[in-house]
Each structure stands twice: as structure tokens, then as C-alpha cells.
Amino acid sequence: MLARTIIRRAGCKALYQVHRRAYASTALTPEQIKIVQSTIPALETHGVEITTLFYRQLLNKHPELKNIFNTAHQDTGEQPAALAHAVWAYAVNIEKPEAMKAAISRIGHKHASLGVTADQYPIVGRELLSAIKQILGDGVNSKVLDAWEAAYGQLAEYFINFEEGLYQEAMATPGGWKGWRKFFISDKVRESEEIISFHLTPTDSGALPSFKPGQFVSIRCFLPELGAYQPRQYSLSDVPNGKYFQISVKREFASDMKPAGRVSNVLHELLPDGSEVDVSMPFGDFVLDINATTPVVFISGGVGLTPMMAMLKKITEEGKPRKVVFIHAARNSRAHAMKDTLIEIVRDHPEVTRLVYYERVEEDDILGLDYDHEGRVDLAEVKHKVILPEANYYICGPPPFMNSQSKALRDLGVDERHIHMEHLKFQLNPAIPTIPWPGYRDIAMPGSRAPESTTACAMADCYVGYKYPDPNTLFFVTPLAV
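One rule links them: number in my numbering = place in the sequence shown (from 1) + 7.
A hint or two may mislead.
Stated by the list, open to error - Simulated pairs of lysine to aspartate or glutamate, EDC-like, Cα-Cα distance not exceeding 20 angstroms:
no., residue 1, residue 2
1, K108, D153
2, K185, D82
3, K41, D153
4, K321, D355
5, K346, E381
6, K327, D245
7, K73, E232
Keep in mind the hints are simulated off the structure, nothing from the lab.
With these hints in hand, go ahead and build the complete structure from the sequences.
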């Protein structure tokens, strides 16, 4: 049962002498651990203030880093909120860093796609501790700074070592590379009224690496109005073909609640066939286990179907007898991307079951051809088709959609280990009974349809946290791209 939904709005000494090597591996002392834990209440209250100041100082002193950070998330306050909660979660789990393993993997893959380097971590650490000192003032003495310096150094070491492993793996992959590689748009295919697929071909005519279905690439475009490059992450929406990568991008229009997507609109409107973009090596750990033979259920909403289509195509290409249920939610046929491709796959592969939901059916939408159900996805109503022995469930879509569907699966008895989502997930210390955040308000009582009640907030790209009494887990979502 959903316990609480939380909506968030969004003179330091020299620290490190580190070049491109990992931090020296030094465990925190028991005293340092206690000091870090003692700062948790201050992080709960002032975390966003600290990280907002941190980003302002960091980007003022190091404007070259604007080419890495998503400026849209800076403008909305999402990035400071994301970092504030990551720092808080790390402090909560300082005695059991293994609880951060999944989060380090998810963040590390994104860092690798952006080309983050080891020598950038000391810069970040210096500015973060400076912001802590400025915001907390007299509450921070030299022992507190020393403890957080050690804690940050430990966390940085985890990331540096993990990301170095990703870089080495990328370079060892046939056709692989590190950093950015020039590609050109070789084709644009309209998939729906708001989604276009882009075929990206390397300008050097060199080999392309294989990748795991579900992975993404970072795309980097220069935006003259910002005077900087802006990267975004997009899932690869087709299987490897050795010739080009395919990404499928939803154009984010401006609304009263958020500005237009900077990069998505450039891709849709300003970059014709032949235009060049910078592309990263494929990364990401939200991937299909292609060696499994157990049933798989894909549950997607909107543009969230893009990694699912790559996974589905991989399964059907392998030709293994594997039961698949493909569930997709769209507004109507005009917003339903890759509809014809899905129809063809279902027609040619009897082991694939399709359940398509249209929220608002239009006059020319045909039941049984375009869609199978009207309204929102309700897994309880189709549990006889969805709850399969030893099945794995992959969920991708807007944050409220992912949370509502994962909760529905747990309510139907699915083990959480079989539920896979594009969430950044922190396993919280059981000693922390709630997920505190300044300015929270209850918007749903236990038993209500809380995930649906947060739809408007998701449209505004607010952050939504869900705490469940068992297990004590916080799901924390950052949109892949705008």
C-alpha cells in the first residue's frame, strides 16, 4: 500500500590532488561515519539550497561543464533536487554502501555516456563542500568538512572505478569508442504525430558496435542561444544492424507548465537529413536478459515503448520459444508510435500477445486492430494473461505510470526482483521510518489511486517519490531526455 507521495520543488580548503587515477582507497573512520550521519537532518532541510548553490558556483567557475549538464534540468531545479537526494541517500547508507550499488550503476552508465572523467570529480567535490560550508555556516566545523571530504572521496572512487570499467569495455568492443563520435542523420521516419525515428550513421564509415536491447546513447547538439553543447539520452529503439543506430524522439512542446524541449525540437525541426550530431557509445543497465527462456512482460506508456521495441525485436529475431506479453498505453492511434511494426510482429509470432490501451479512443480507431482496451492499463483485469510463472517484467514510461504498474504487479504477488524499471533506486536504511523532504504535502491517502493523482505533476517534470512500508525503498526518477 502506498504510504506517502512526496512532491518536491524544485573559503574551503584544497581537497584533492588527483589526476586521472582513482582516489586512494581509504575507509572512513567510525568517527567520520557518525559525523556524516549527524548531518542527515541538515541535508533534509537544506539539501536543495546546498546543491543549487553548488551548481551555480560550479558552472560559473567551470563554464565548460555546461556542455555536460542538462541546462533544462538546471532551470527547473530538477538537477539540484536530484543531487540533493542522492547526497542524502548516500549519508543514510554510509555504513552500507552496497545499498548504493544499483544507483551507482545507473548513474555511472549515464556519466560514461557523457564522457565524465576522473579529473572532474575533485572539481565537483571542492564546490560541493564549499556550498555545504556556505549554507550551513557555523554548523560546519573542520571535523564535519573532513568527514564529508572523506565520504565524497569514497563515493567518487566508486564512480571512477565503475566508469573506468565501462570505458575499458567500450574500447574493447569491436567498433567501440570513448567520448563523442560524429554521426549524420541518414533518415527520419515519422512514427506518430509527435515521435520521429532518426537513423544515425557514423561519418567515418567505420564499424558500429553491437549493444544490449534497452541501452541508450547520448546525443549532443550545439545550441547557439546557450553558447554550449547540450546532451540528451535516447533509448536505442531497434536491434543492432551494423549500419546505423536508431533513436525515436518525442518532440516536447511548450506548455503552461514547462518550456519546449530544447534538443528534441532541434532534432525535429532544425536538423534535416545529412545533419551531423555527436553520439556516445551505447550504455545503460536497463537491459533484456537475452539468455533467459522464461516469459517476459513488457509494460510501456507513450514514448516509453522505444527500448521495449528493441527488446521485443531481439526476442523474436532469436527465434527461441519464449512467451511474450506486450502491453502498451497511448492516448489514441495518432499518438501510438510503431503501431504497424507491432501488428506485424504479433501476426508473425504467435508466442507474442499484444494488449494495447487507448486512453481516449477516436472515431477511426478500430478495436482489435489499433487497440485492445479503452482506458488506462489495469493489470488486475488481465492478470490471467499477465501473471506468468517465473516471468520478468520490464516497465518504461512516465514516472507515475511506472510506479502505478510496479505497485499493481506487487499487489498481484510478483516478486520485486522480477520487476525492472528505468528508475534510479535507493534502498533506504530501515531505521529511517519516512522519506522527509521540506515542503512535502500529502496528496493521497492509503488505498487511493495515488500514482494517477500525480499525473499533472509529472507533466510539469516535478519529482515524485514513493515510499512503501515494505520494502523500505525510494524510487527516484529523472527524465531521460527533453
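Exercise. Any of the earlier hints contradicted here, and which numbers?
Worked result: 1, 2
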